[in-house]
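Can you build the whole structure from these sequences, using the hints too?
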Amino acid sequence: MTEKAQRMLNYLAKHNTMILSTYGEEGPWATPVFFVNRGFHIYFLSELTSKHSSNLQDNPLTAAAITEDYQDPKTIQGLQLKGKAYLVKNLKETAVVLASYYKKYPFAMQILQNPSTFKGVSKARWHCIIPQFLKFTDNTIKFGEHIELNLKVDETRDGYELSEVQATLDT
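The numbering of the sequence shown is the working numbering, which starts it at 993 and goes up by one.
Don't read these hints as lab results, they were simulated from the structure.
Note that CB positions come from ideal geometry on N, CA and C, so glycine has one too.
Misleading hints may appear alongside valid ones.
Derived CB-CB ranges, DEER-like [said to hold, decoys possible]:
hint, residue 1, residue 2, range
1, 1091, 1049, 21 to 27 Å
2, 1063, 1011, 16 to 22 Å
3, 1105, 1142, 35 to 41 Å
4, 999, 1101, 29 to 35 Å
5, 1098, 1074, 28 to 34 Å
6, 1063, 1144, 35 to 41 Å
7, 999, 1105, 32 to 38 Å
8, 1006, 1091, 15 to 21 Å
9, 1066, 1102, 36 to 42 Å
10, 1088, 1009, 20 to 26 Å
Straight-line C-alpha distance at most 20 Å; calculated EDC-like pairs for lysine to aspartate or glutamate [to be verified]:
hint, residue 1, residue 2
11, 1095, 1085
12, 1066, 1130
13, 1066, 1137
14, 1096, 1085
15, 1006, 995
16, 1076, 1130
17, 1127, 1060
18, 1127, 995
19, 1115, 1039
20, 1074, 1130
Structure (structure tokens):
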């Protein structure tokens, strides 16, 4: 793995919320969701009846942004990505993601183990985004500094494998 890819993974590990963008019959839609990543596989939990889940069922193409609410332009960092999403149906994958989610969000164990006390949780399912392109902006180095990463997505019998195709540093 390149240093550039590792910088992106480190950023993902330190953040909790992404703005997920989808497109459906009613046009574009964006919503914040908690996420957990396993490498560049990015998972989120959502009700199947939500607008973004419905959109993804009809059109798996998606984009997302992960950032903070910065006050100083020199400190802005953020990750943008585009790719395809799928509904996780594999029980092994679900178990592994759930363990990662509990580790990142300890409060989620109580919520997910008592779904009747939290609206919609019993109808929530795991979704996974497989990015094909990522762009990491890092103004802490230089204003407008960014790294781009293209990933090759190979569908396998057990899921998806990602490999780095090209990483470029624009200065």
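| message | So, against the hints stated earlier in the document, which numbers end up violated here? | response | 16
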